[in-house]
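Peer 1: Given next are the chains, with one letter for each unit.
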Amino acid sequence: MHVQPQSWQNVELSLVPDALAGHDSPWILAARKTAFKRFSEHGFPTKREEEWKYTDVSLISKRGSLAPDNIPPDAPSEAKLLAWALSGEGMHLMVFVNGHFDSELSTIDDLPDGVQLSSLADMLDGDANLPESLFSQQHEHTIFAALNNAFVTDGAVLKIAPDTVLETPIYLFLIASGHGVAIYPHIIVMAGENSSATVIEHYMGTLDAHNFTNAITQINVGAGAKIEHCKLIQEGPAALHIAGVHAEQSKDSSFTSRSFVFSGRSVRNDITSSLNETGCLCTFDGLYLLDDKQHVDHHTRIDHIAPCCTSREYYRGILDGESRGVFNGKVIVHHGANQTDAHQTNHHLLLSKQAEIDTKPQLEIFADDVKCTHGATVGQLSDEGLFYLRSRGLDADTARSVLIYGFANDIINRINTPYLRQRIEHLLLDRLPQGDMVKELL
Amino acid sequence: MLSIKNLHVCIDGKEILRGINLDVKAGEVHAIMGPNASGKSTLAQLLAGREIYKVTAGSVHYLGRDLLAMSPERRACEGVFLAFQYPVEIPGVSNALFLKTALNAIRKYHRLPELDAMDFLTLVRERMKRVGMDEALLLRAVNEGFSGGEKKRNEILQLNILQPRLAILDETDSGLDIDALKLVADGVNDMRGADRAIILVTHYQRLLDYIVPDAVHVLSQGCIVKSGGADLAKDLERHGYNWLETGDLIKQIA
Ligand SMILES: Nc1ncnc2c1ncn2[C@@H]1O[C@H](COP(=O)(O)OP(=O)(O)O)[C@@H](O)[C@H]1O
Ligand SMILES: [Mg+2]
Numbered sequence: 000m001h002v003q004p005q006s007w008q009n010v011e012l013s014l015v016p017d018a019l020a021g022h023d024s025p026w027i028l029a030a031r032k033t034a035f036k037r038f039s040e041h042g043f044p045t046k047r048e049e050e051w052k053y054t055d056v057s058l059i060s061k062r063g064s065l066a067p068d069n070i071p072p073d074a075p076s077e078a079k080l081l082a083w084a085l086s087g088e089g090m091h092l093m094v095f096v097n098g099h100f101d102s103e104l105s106t107i108d109d110l111p112d113g114v115q116l117s118s119l120a121d122m123l124d125g126d127a128n129l130p131e132s133l134f135s136q137q138h139e140h141t142i143f144a145a146l147n148n149a150f151v152t153d154g155a156v157l158k159i160a161p162d163t164v165l166e167t168p169i170y171l172f173l174i175a176s177g178h179g180v181a182i183y184p185h186i187i188v189m190a191g192e193n194s195s196a197t198v199i200e201h202y203m204g205t206l207d208a209h210n211f212t213n214a215i216t217q218i219n220v221g222a223g224a225k226i227e228h229c230k231l232i233q234e235g236p237a238a239l240h241i242a243g244v245h246a247e248q249s250k251d252s253s254f255t256s257r258s259f260v261f262s263g264r265s266v267r268n269d270i271t272s273s274l275n276e277t278g279c280l281c282t283f284d285g286l287y288l289l290d291d292k293q294h295v296d297h298h299t300r301i302d303h304i305a306p307c308c309t310s311r312e313y314y315r316g317i318l319d320g321e322s323r324g325v326f327n328g329k330v331i332v333h334h335g336a337n338q339t340d341a342h343q344t345n346h347h348l349l350l351s352k353q354a355e356i357d358t359k360p361q362l363e364i365f366a367d368d369v370k371c372t373h374g375a376t377v378g379q380l381s382d383e384g385l386f387y388l389r390s391r392g393l394d395a396d397t398a399r400s401v402l403i404y405g406f407a408n409d410i411i412n413r414i415n416t417p418y419l420r421q422r423i424e425h426l427l428l429d430r431l432p433q434g435d436m437v438k439e440l441l
Numbered sequence: 000m001l002s003i004k005n006l007h008v009c010i011d012g013k014e015i016l017r018g019i020n021l022d023v024k025a026g027e028v029h030a031i032m033g034p035n036a037s038g039k040s041t042l043a044q045l046l047a048g049r050e051i052y053k054v055t056a057g058s059v060h061y062l063g064r065d066l067l068a069m070s071p072e073r074r075a076c077e078g079v080f081l082a083f084q085y086p087v088e089i090p091g092v093s094n095a096l097f098l099k100t101a102l103n104a105i106r107k108y109h110r111l112p113e114l115d116a117m118d119f120l121t122l123v124r125e126r127m128k129r130v131g132m133d134e135a136l137l138l139r140a141v142n143e144g145f146s147g148g149e150k151k152r153n154e155i156l157q158l159n160i161l162q163p164r165l166a167i168l169d170e171t172d173s174g175l176d177i178d179a180l181k182l183v184a185d186g187v188n189d190m191r192g193a194d195r196a197i198i199l200v201t202h203y204q205r206l207l208d209y210i211v212p213d214a215v216h217v218l219s220q221g222c223i224v225k226s227g228g229a230d231l232a233k234d235l236e237r238h239g240y241n242w243l244e245t246g247d248l249i250k251q252i253a
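So the sequence lines, in the order shown, correspond to chains A and B.
Going by numbering that gives the first Met the number 0, the letters in the first sequence line up with residues 0 to 441, in that order.
Going by numbering that gives the first Met the number 0, the letters in the second sequence line up with residues 0 to 253, in that order.
Derived by calculation from the structure, the hints in this document are not laboratory data.
Misleading hints may appear alongside valid ones.
If we take Cβ atoms under 10 Å as the criterion, some of the chain B residues that face chain A in the derived model are [what the hints assert, rightly or not]:
1. P112
2. Y209
3. D213
Stretches of chain A that chain B covers, calculated by requiring three or more beta carbons in the stretch to come under 8 Å of a beta carbon on chain B [what the hints assert, rightly or not]:
4. 153-159
5. 377-387
To be clear about the criterion: a stretch of chain B counts as covered by chain A if any three or more of its residues have a C-beta under 8 Å from a C-beta of chain A, and this derived list gives those stretches [to be verified]:
6. 72-78
7. 147-154
8. 162-176
Values in this document were obtained by computation on a predicted structure and should not be read as measured data.
We put the CB at the ideal spot given by N, CA and C, even for glycine.
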């Protein structure tokens, strides 16, 4: 509806089916084509759409091709090394290279009873019972979800039986390798009643290449279940990453989303949760460290549909160089969602005069007897703080790094998985002058 | 150790210090007293290297070297320490990390090996006990949510750990109850020594009951209007600062 039909639409449409997973099933082919039709009818969102006002996706439409490649390359050695280290951490590890599951690098053999973890491509090819949210228009929160449904290559489907507690995190390590590749992972988590698990999605680009990742994660949190989803983006410096993380929560469930962005040219995360039944707790945390001309946009949305639910949102961004951050935090308290308790804060630290942040909390309240608060700050490093630290012998660089570390720590400290917490801490400190020294002292 | 000559200092074009002269020798304790807004903190902060204050005339020498030419961190490493009147909160940075970073920065400057985690902890625990500080405060963010007294003790803890040669305490006594005051005084008396000098900036004579100074100076409107021995503090206590404005009592005491 917005952009003029372009040549890519005709070209891509013919490319949709053939060699992608599930191509032997006529209904999957049809579902992919219909999804692509939805996407091409809408076209790439333009800046005229409120939700896409700050994030320019026209770069994607200028790509040679939107179609994923079907033959994954070998994982780069850097990624192999990390995969090896991760399996040493005792994680249930699934490695994907350009959106294709690499079973050799993965270690998912010793899952406890009640936990099923499968490659989505295997399920599509094997004509398995697919989760109903896949290919469903109703579950497409942005138009890019339609594109993902059209081209989805592979992904993970995690099914946890009721009352099953998964102590060790599921670690999905998604590597982008090669130049100009388009990558379409789709992750589905179905958590049964009173189950609990942590899922980590780690995106890593090993080259300075114009890769495009379009990822969708759908999470169904059963009654009384407790699911934590952590997403770490470490894409290559020229990469585009557009993704959605969408949770549906049942009675007394708890869902936590943590979003970390450390690199990538342009990143857009749409993170949503729908609190459908009473007694839900939803927590959204975010932390990003941007530099150069990086652009990172978080659009979050929490729908309080049932009464007596609690939501908490804590986002922090550190922006240097000519980077740009966007934070849009929507909380909608629907009619009847009385006794909602929603709290949101976002704090941004601007380290350079050229860095920019657009932040907008959006509370829409249609219920009574609710407690909704939000707070936002945009600031610089405090002069008093810098002087205090320097007066104790820290040089100016170290003093700055210690203050930045402290600013981020509020979010880092809340990470429950020790491995991830340390990794994020190191990713931060590795970027800060004298960060090594601080790292040693931790 | 410290020699201040004809020091004039401005902020935002407003002259705050108007010709300060002060000599502090190693082994001495000097008290600087004076009414609010007389420039005590300005002097203390300037000596620590706060860059917002502009020196328009005069000089400061520390151990024979030009103090004003040094960065704040260089001063700290060379042994200048300021206990802040309003200790700064550093969110997200644990007191332990802060103390360790500071101590190691100074040790590194003197080419000493860094203290390992165990030695550091032993040292800090012992010093915390001495200043009557709860160990839980090690894990809390620097000064964040600390009570007034805890903040002041934290300054004394840093003083004791960093072992400076010139310690400047800016109203470390204000807002403390008598027990806390005694602990602070003990902390300072611990530090007294032949190769150290201490400058106590204080509003009240009270602290000087526990730390007997070698000299007392009265600062008023950016000038030292009177200097004397420990007794001067007692006179001030008796007569208040009001007489300074009129100047009558200066003559009277003199
Ligand atoms: N950062 C500042 N900006 C503007 N004026 C200041 C600043 N710091 C101090 N002053 C002014 O300088 C004068 C002396 O202040 P200060 O040194 O804090 O006095 P004291 O510590 O003796 O109470 C006061 O008039 C105060 O308002
Ligand atoms: Mg003062």
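Peer 1: Now look at each hint and say whether the structure bears it out.
Peer 2: Cross-check of the supplied hints:
1. P112: Because about 13 Å separates P112 (chain B) from the closest Cβ in chain A, which is outside the 10 Å limit, the hint is violated.
2. Y209: violated (25 Å)
3. D213: violated (25 Å)
4. 153-159: This one is violated; 0 residues, fewer than the three required, reach chain B with a Cβ under 8 Å.
5. 377-387: Holds, because 6 residues of the segment 377-387 of chain A bring their Cβ atoms closer than 8 Å to Cβ atoms of chain B.
6. 72-78: Check passed, 4 qualifying residues.
7. 147-154: Coverage by chain A is violated here, the residue count being 0 at a Cβ distance below 8 Å.
8. 162-176: violated (count 0)
The earlier numbered hints that this structure contradicts are 1, 2, 3, 4, 7, 8.
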